[in-house]
Amino acid sequence: MPRPLSAPKTLNMASQSVINSAAYHNGIRVADVPLADLGDAWNHSDRFIWVGLYEPSEQVLSFIQQAFGLHDLAIEDAHNAHQRPKLEVYDDSMFVVMRTAKLSAGGDRRIEFGETHMFLGPRYVITVRHGSLQSHVGVRARCESTPNLLAKGEGFVAHAVMDFVVDQYFPIIDALEAELDELEVHIFSGVSERSVTARIYHLRRDLLAIMQAVSPLIDVSSRLARTNSHLISADARPYFQDIHDHVVCIAGLVDSLQQLSQTALESNLALISVSQNDDTKRLAAWAAILAVPTLVAGLYGMNFKYMPETGWVWGYPASLAMMGLLCVALYMRFRSVDWL
Amino acid sequence: MPRPLSAPKTLNMASQSVINSAAYHNGIRVADVPLADLGDAWNHSDRFIWVGLYEPSEQVLSFIQQAFGLHDLAIEDAHNAHQRPKLEVYDDSMFVVMRTAKLSAGGDRRIEFGETHMFLGPRYVITVRHGSLQSHVGVRARCESTPNLLAKGEGFVAHAVMDFVVDQYFPIIDALEAELDELEVHIFSGVSERSVTARIYHLRRDLLAIMQAVSPLIDVSSRLARTNSHLISADARPYFQDIHDHVVCIAGLVDSLQQLSQTALESNLALISVSQNDDTKRLAAWAAILAVPTLVAGLYGMNFKYMPETGWVWGYPASLAMMGLLCVALYMRFRSVDWL
Amino acid sequence: MPRPLSAPKTLNMASQSVINSAAYHNGIRVADVPLADLGDAWNHSDRFIWVGLYEPSEQVLSFIQQAFGLHDLAIEDAHNAHQRPKLEVYDDSMFVVMRTAKLSAGGDRRIEFGETHMFLGPRYVITVRHGSLQSHVGVRARCESTPNLLAKGEGFVAHAVMDFVVDQYFPIIDALEAELDELEVHIFSGVSERSVTARIYHLRRDLLAIMQAVSPLIDVSSRLARTNSHLISADARPYFQDIHDHVVCIAGLVDSLQQLSQTALESNLALISVSQNDDTKRLAAWAAILAVPTLVAGLYGMNFKYMPETGWVWGYPASLAMMGLLCVALYMRFRSVDWL
Amino acid sequence: MPRPLSAPKTLNMASQSVINSAAYHNGIRVADVPLADLGDAWNHSDRFIWVGLYEPSEQVLSFIQQAFGLHDLAIEDAHNAHQRPKLEVYDDSMFVVMRTAKLSAGGDRRIEFGETHMFLGPRYVITVRHGSLQSHVGVRARCESTPNLLAKGEGFVAHAVMDFVVDQYFPIIDALEAELDELEVHIFSGVSERSVTARIYHLRRDLLAIMQAVSPLIDVSSRLARTNSHLISADARPYFQDIHDHVVCIAGLVDSLQQLSQTALESNLALISVSQNDDTKRLAAWAAILAVPTLVAGLYGMNFKYMPETGWVWGYPASLAMMGLLCVALYMRFRSVDWL
Amino acid sequence: MPRPLSAPKTLNMASQSVINSAAYHNGIRVADVPLADLGDAWNHSDRFIWVGLYEPSEQVLSFIQQAFGLHDLAIEDAHNAHQRPKLEVYDDSMFVVMRTAKLSAGGDRRIEFGETHMFLGPRYVITVRHGSLQSHVGVRARCESTPNLLAKGEGFVAHAVMDFVVDQYFPIIDALEAELDELEVHIFSGVSERSVTARIYHLRRDLLAIMQAVSPLIDVSSRLARTNSHLISADARPYFQDIHDHVVCIAGLVDSLQQLSQTALESNLALISVSQNDDTKRLAAWAAILAVPTLVAGLYGMNFKYMPETGWVWGYPASLAMMGLLCVALYMRFRSVDWL
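Chains as they are written, first to last, in my numbering: chain A, 1 to 340; chain B, 1 to 340; chain C, 1 to 340; chain D, 1 to 340; chain E, 1 to 340.
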């Protein structure tokens with residue numbers, strides 16, 4: 001059985017994907033545990049193990065699977081990103097998939113999605129990040145600063161990680177609300193720009209993506225709050241209820257924004273039509289203002305022998321004046337009915 | 001343990017946030033209780049405590065938490081506004097979050113939302129207002145005027161506060177209904193103003209906000225009406241059922257208004273198109289009325305040597321008369337087909 | 001205790017609101033009972049009391065409350081109109097709220113809503129009408145004509161009243177269906193009148209109001225059909241199931257009409273656009289027919305010295321003929337491509 | 001008691017409505033049973049009775065009611081058409097209402113709805129048709145050809161009738177799918193005919209009517225498949241599950257067609273607008289092509305003394321050539337930008 | 001009883017429809033079993049039979065039915081394609097219907113649907129393909145390469161086949177997403193082509209078809225994951241849960257695409273209107289630029305005797321210059337307000 005020998009070498013290679021791997025005793029970090037020693041460390045029945053992985057290789061995952069006895073399907077899921085958020089409950093472990101989201105750093109509002117998977121078992125938590133940019137270092141630091149809570153073990157850590165992921169959605173919702181507010185101003189200011197429609201479309205695409213990421217968590221968090229698994233102690237359940245409330249709140253906000261952006265899209269269409277009508281009227285008014293003197297000029301261009309006006313000395317300036325007067329009268333008229 | 005000493009000083013500073021704090025015996029107000037004495041007052045097993053807070057500081061809340069032994073999560077929620085309406089049931093207490101709403105005093109219809117949180121336990125009720133403008137002084141006065149009901153304790157007070165909050169929505173619904181009625185008149189009077197679309201949009205935004213505030217209360221009130229907690233006695237439950245009926249009624253009205261405003265938006269769009277069509281026809285008609293005499297004038301402007309009319313003495317006035325007649329005929333024609 | 005003395009006087013004053021108040025024995029009307037004697041009459045354990053009120057004063061209601069021992073909340077509801085249809089089940093009585101509807105007598109289709117409340121207890125039924133125009137005299141007469149059924153007591157009477165209220169909706173649905181049929185004819189006949197949109201809007205408003213009135217009855221009737229209250233005997237329950245079927249049927253019809261009217265609204269918009277397009281084409285065609293001879297006239301209005309045609313004797317009539325021919329040719333052409 | 005005497009006479013008169021009435025023994029037809037003998041025939045405990053009625057009179061129905069002891073409400077329903085599909089379960093009988101549908105024989109696709117009611121009890125089935133054009137003769141013949149199945153009694157016959165009714169919907173769905181396919185071709189071929197919108201509207205009206213007829217059967221068939229009534233034996237239940245699958249399938253197809261026809265309606269609107277735009281561009285292009293030579297002609301119609309061109313011999317043909325060239329150039333240009 | 005004799009002959013004829021028929025022992029293929037010997041082979045209680053059929057004739061199916069004792073209804077379903085996906089549970093067997101989907105090989109994105117039916121019983125699996133182009137040879141090969149899993153029997157094979165079918169949908173979803181991305185580019189690039197609308201329509205039709213195929217599998221897979229049938233062992237159930245997750249994921253993606261394509265359709269309509277408006281403005285601008293010099297030319301075409309300019313030597317070129325200047329000024333003006 002050559003595995004114990006080859007493992008260290010393989011794992012060295014892959015160890016970039018191990019962000020953090022530590023053992024805790026009574027909520028105090030007592031040791032950093034290399035991947036190869038995880039199984040042994042876990043056998044200390046008084047130690048809690050928390051491992052953080054980032055896009056691990058198949059080898060790392062299969063090593064972890066052996067160390068903690070994880071289910072084939074969960075390991076397969078953890079290797080592949082593009083999972084839908086879910087909670088799988090196995091006999092003595094749980095597997096949670098969540099989608100993370102982050103506004104891109106650049107100027108344009110763009111949401112970058114990633115994934116955080118979490119294995120949860122007696123005295124261990126393993127988190128696996130895929131493409132999610134914000135590491136869990138902050139979460140770990142915060143947990144380590146409250147040893148009395150951390151001492152409560154896996155349920156507490158699972159809550160901390162999940163809370164961290166869910167809270168990332170609030171600034172995004174704020175950004176989308178701000179975007180819609182800005183769009184409102186554009187729509188109702190009467191400028192029917194082509195870009196407004198595109199921006200509403202992209203807003204709605206973002207909202208759909210967030211809804212897809214968040215809505216499965218309603219069920220996940222609710223099940224965690226009502227679970228009777230020993231992994232989540234009774235006093236930890238209200239904390240998952242709290243996460244549930246947050247997720248429901250986010251889903252409600254997204255739903256509102258979806259409905260409102262739909263109304264914005266329809267209002268936009270209505271106002272484009274109003275603009276069209278206004279422009280048509282303006283065009284018609286100017287056409288009329290030009291057509292009337294053209295008609296008059298046409299009249300005096302007729303070749304009748306007996307046209308008294310054409311013989312008058314003041315005929316020409318009089319005709320010009322008449323044309324000018326007609327134009328001004330029409331202009332005033334159109335102004336008064338608000339066509340110009 | 002320096003807390004008993006420092007407490008009075010801290011609390012003095014924060015006491016602006018304590019609006020009212022009183023103990024009741026058999027429904028009769030027997031004492032105003034300063035914040036520092038709440039724990040002692042509550043130990044009188046025959047006294048009921050009702051505390052009203054307005055945007056309390058963290059210190060005031062943590063003092064309250066110690067006095068009544070409230071749950072960490074509820075206190076955290078009570079400190080932050082922007083909660084979704086909900087009911088949390090703990091072992092021996094409940095925590096209710098509601099959104100309040102009020103029409104702004106100014107001329108423009110604008111809804112100001114606030115929040116009322118409520119802790120409910122054996123022989124105590126604590127209300128926390130955030131940004132909600134209407135104080136509960138009226139509720140307290142009304143309760144104190146019916147000591148036999150107030151003597152029933154926390155369930156009765158909880159009902160009174162909740163009833164007060166829910167009843168605030170009815171005048172708002174009335175105002176929104178009035179707004180929609182007014183919009184109907186505008187839409188169907190044929191004036192396709194740009195502002196109509198904007199007003200429908202804002203109406204819909206308001207309706208969504210109210211729905212977000214009210215719809216979670218359907219579940220909250222229903223659970224309170226069916227609870228078997230000893231905090232809400234059996235004879236108090238029909239009163240929560242009554243609140244439930246009100247909330248369902250509000251939600252139904254908002255839903256109707258949402259659907260109707262959607263139809264109004266679509267009708268508006270259709271009528272804008274009809275207006276557009278009418279204007280296009282009117283424009284076409286006037287263009288024709290001008291084009292015909294222009295053509296006639298063009299004819300007599302041709303330089304043919306042998307044009308008998310041009311030699312006639314009455315040629316010029318005759319041609320003018322003909323043009324006038326053609327214009328009048330066209331005008332009559334367009335009138336009859338309703339283009340003018 | 002002066003109430004027994006003052007009651008008759010007060011009640012005299014208010015007795016306009018008592019439409020009918022009778023006691024029945026084995027389904028046979030045995031006595032008219034004045035309001036003041038209701039309590040006594042009810043104490044005859046072999047008599048059934050049926051009271052019909054119309055917009056009763058607070059005094060009448062509180063007298064009724066004392067006579068039959070009704071719940072405060074139900075009495076409060078019965079005094080106020082504008083309740084949502086519902087069923088409240090108390091220990092030994094039930095309270096039913098229904099909305100009534102009636103087409104207005106005048107020529108314009110307008111629906112007048114009212115309310116019928118009903119208290120249901122052992123050996124008594126009290127109906128309270130608010131603004132509903134059709135009295136229950138017919139219902140009572142029909143019940144009295146079948147003493148064997150009336151002898152079954154409160155469940156039977158409750159069914160008769162409820163059936164009466166629900167059946168009022170069918171002619172209204174018929175009227176709305178007829179309205180939609182008429183609108184279809186208007187929409188697809190190609191006349192894009194402004195009024196069509198308004199009529200669809202008002203149709204949809206009516207449908208929403210009916211849905212609000214009817215949909216809560218689905219739950220009410222279903223609960224009555226499945227109740228195990230002794231007030232509704234087992235052999236009466238299929239009759240409430242029958243009402244349930246009617247209500248579900250009405251709700252289904254209204255839902256169909258809502259969807260169909262939505263499609264009508266959208267079809268209307270599409271056809272307005274088609275009309276617009278047709279008018280634009282017609283306008284374009286006539287503009288072209290006028291522009292071509294105008295151009296020709298312009299040509300012969302040029303002042304070139306060497307224009308052979310202008311010297312010809314038949315030049316002028318030939319040019320007129322040419323213009324005429326061009327116009328006819330264009331007219332034929334536009335006809336053939338269906339622009340005219 | 002004169003009924004036995006008068007019955008034959010009355011029933012003679014009404015017997016046109018009795019299409020078929022036969023007794024079966026072990027699945028073999030043993031006798032035709034006149035209406036008057038139904039009760040006796042049914043008393044043979046080894047005989048199964050199957051009666052087929054077509055729009056029966058009240059008298060026939062009341063005779064049937066007495067013979068088999070049917071419930072008042074079911075008889076009342078069976079007399080009136082315009083019932084919503086449903087299943088009523090009484091103590092020892094069932095009453096099923098179904099809507100039948102058939103494409104009209106004429107050239108235009110039009111759906112004719114009828115109703116089939118069915119009483120189902122121990123050893124008897126009574127079918128009542130209202131306006132449904134396809135008789136059950138075929139069903140009966142098919143059943144009689146498999147005596148071993150027919151011997152299973154009422155459950156089997158009920159299944160056969162229901163299966164017959166449900167299968168009538170499949171050709172209708174096929175016809176509506178064909179209609180939508182044809183409409184697609186029309187819509188996307190660029191011909192924005194007025195009739196397309198009308199046809200989509202009528203398609204949607206038909207789909208709604210079918211949905212109303214079919215969707216209640218989902219519940220009816222599911223309840224029959226899960227019933228524990230002795231009327232439907234355990235081995236008959238999978239057959240009702242099969243009907244359930246068909247009904248769900250039909251409802252799914254109708255739902256798809258509804259959504260697709262909605263998209264077709266919206267696509268139609270979009271393409272009407274595109275057509276409008278194309279026509280506007282074409283109109284604008286031709287207007288420009290006419291306006292340019294008109295301008296040139298106007299220039300040479302000016303009365304300046306010193307216009308060298310007007311004195312040239314080739315001035316006139318040159319100007320005409322220039323106009324022609326300008327027109328051709330514009331025409332080419334508009335062609336290249338796809339306006340013509 | 002001539003069947004044993006005639007069977008081989010009949011089955012020879014039909015045997016093209018038998019793709020594969022093998023017996024397995026402990027997960028190892030031990031024999032190819034001709035159709036005629038299936039019953040015998042199955043009687044070896046230690047052998048597992050896996051038969052693969054392709055569009056079998058009625059005779060083959062009835063032979064299979066006798067060999068394994070399958071239910072009439074399932075056999076009838078298996079013979080007919082056009083079933084809705086479903087799971088039928090019989091006493092000791094299951095029948096699963098799934099729809100398969102595949103992108104057509106040609107250049108145009110077109111989805112070809114087929115069906116895979118599966119009989120599942122103790123120690124046997126029979127798959128029946130209808131029109132589905134991808135054979136199960138790959139599935140069988142993969143299963144045979146893991147004998148330890150294949151040894152687990154019917155549940156494992158059922159999972160493998162179902163997984164294979166469900167995984168076919170992912171590349172299709174990817175293709176539809178790519179199509180929508182491409183459409184987005186077209187829509188927002190400002191080219192309002194007629195084909196864009198048609199493509200959105202066909203995208204939506206495809207999405208509806210996929211939803212119809214996939215959504216019933218949510219229920220099917222969920223029931224298989226929660227079944228307590230002995231056919232699916234406890235350790236196989238998480239694998240069906242995994243399929244359930246995939247199906248829910250596909251349904252979620254399709255739903256997102258449906259909503260997004262709806263928004264795309266509406267955005268398209270809005271942008272067509274914007275285009276229309278832009279074209280109208282451009283047309284109006286050019287009309288004005290032509291109308292102004294036409295008016296000026298008309299002025300100097302008037303026949304007044306006293307028009308000083310007409311006598312000037314530079315009158316003609318000056319007038320032309322003025323016209324040119326006016327045109328350029330207008331052009332600049334329209335440019336600056338973005339009409340040109």
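Since the hints were derived computationally from the structure, they do not count as laboratory data.
Predicted model, so just to flag it, every value in this text is computed and none were measured.
Among the hints, erroneous ones may be present.
The calculated lysine-lysine pairs, modelled on BS3-like cross-linking and capped at a C-alpha distance of 25 Å, are [claimed, not checked]:
no., chain 1, residue 1, chain 2, residue 2
1, D, K86, D, K102
2, A, K152, A, K86
3, C, K102, C, K86
4, E, K305, C, K305
5, B, K305, E, K305
6, D, K86, A, K305
7, B, K102, A, K305
8, C, K305, D, K305
9, C, K305, A, K305
10, E, K102, E, K152
11, D, K152, D, K86
12, A, K102, A, K86
13, C, K102, B, K305
14, D, K305, B, K305
15, E, K102, E, K86
16, A, K305, E, K86
17, E, K102, D, K305
Stretches of chain A that chain E covers, calculated by requiring three or more beta carbons in the stretch to come under 8 Å of a beta carbon on chain E [as the list claims (entries may be wrong)]:
no., segment
18, 36-43
19, 288-298
A short list of chain C residues far from chain D (calculated; beta carbon distances all over 10 Å) [claimed, not checked]:
no., residue
20, Q241
21, S273
22, A284
We treat Cβ as the ideally placed atom computed from N, Cα and C, and that holds for glycine.
A quick look at each hint next to the structure:
With a CA separation close to 20 Å, the supplied pair K86 (chain D) and K102 (chain D) stays within the 25 Å bound. Straight-line distance between C-alpha atoms of K152 (chain A) and K86 (chain A) comes to about 24 Å, which keeps the hinted pair within the 25 Å bound. The suggested pairing of K102 (chain C) with K86 (chain C) holds, with an alpha-carbon distance near 20 Å, which does not exceed 25 Å. Taking the CA atoms of K305 (chain E) and K305 (chain C), the gap is near 19 Å; set against the 25 Å cutoff, the hint holds.
Only pairs whose Cα atoms come within 25 Å are accepted, and K305 (chain B) paired with K305 (chain E) is accepted, the gap being roughly 19 Å. Distance hint between K86 (chain D) and K305 (chain A) is unfulfilled; the C-alpha atoms sit about 92 Å from each other, more than 25 Å. For the hint linking K102 (chain B) to K305 (chain A), the alpha-carbon distance of about 81 Å lies beyond 25 Å, and the restraint is violated. A C-alpha spacing of about 12 Å is found between K305 (chain C) and K305 (chain D), which places the hinted pair at or below 25 Å, so the restraint holds.
Between K305 (chain C) and K305 (chain A), the direct Cα distance comes to roughly 19 Å. Compliance with the 25 Å bound is thereby established for this hinted pair. Pair hint K102 (chain E) plus K152 (chain E) does not hold up; C-alpha atoms about 30 Å apart against a cutoff of 25 Å. Of the supplied pair hints, the one linking K152 (chain D) and K86 (chain D) holds, its CA atoms being roughly 24 Å apart against a limit of 25 Å. Under the criterion of a C-alpha separation no larger than 25 Å, the hint pairing K102 (chain A) with K86 (chain A) is consistent with the structure, at around 20 Å.
This hinted pair does not check out: K102 (chain C) and K305 (chain B) have alpha carbons roughly 81 Å apart, beyond 25 Å. Between K305 (chain D) and K305 (chain B), the direct Cα distance comes to roughly 19 Å. Compliance with the 25 Å bound is thereby established for this hinted pair. For the suggested pair K102 (chain E) and K86 (chain E), the alpha carbons sit about 20 Å apart, so the restraint of at most 25 Å is met. Of the supplied pair hints, the one linking K305 (chain A) and K86 (chain E) is violated, its CA atoms being roughly 94 Å apart against a limit of 25 Å.
At most 25 Å may separate the alpha-carbon atoms for a hinted pair to count; K102 (chain E) and K305 (chain D) exceed this at roughly 81 Å. Given a C-beta distance limit of less than 8 Å, the hint that chain E covers the segment 36-43 of chain A is violated, as 0 residues qualify and 3 are needed. Only residues whose beta carbon comes within less than 8 Å of a beta carbon in chain E count, and the segment 288-298 of chain A has 6; three or more means the coverage holds. Distance check on Q241 (chain C): its Cβ comes as close as 7 Å (rounded) to a Cβ of chain D, failing to clear the 10 Å threshold; non-interface status is violated.
A beta-carbon of chain D is positioned within 10 Å of the beta-carbon of S273 (chain C); the least distance is around 5 Å. The claim that A284 (chain C) is not at the interface with chain D is violated, since a C-beta of that chain comes within 10 Å of its own (minimum 4 Å).
When each numbered hint is compared with the structure, violations occur for hints 6, 7, 10, 13, 16, 17, 18, 20, 21 and 22.
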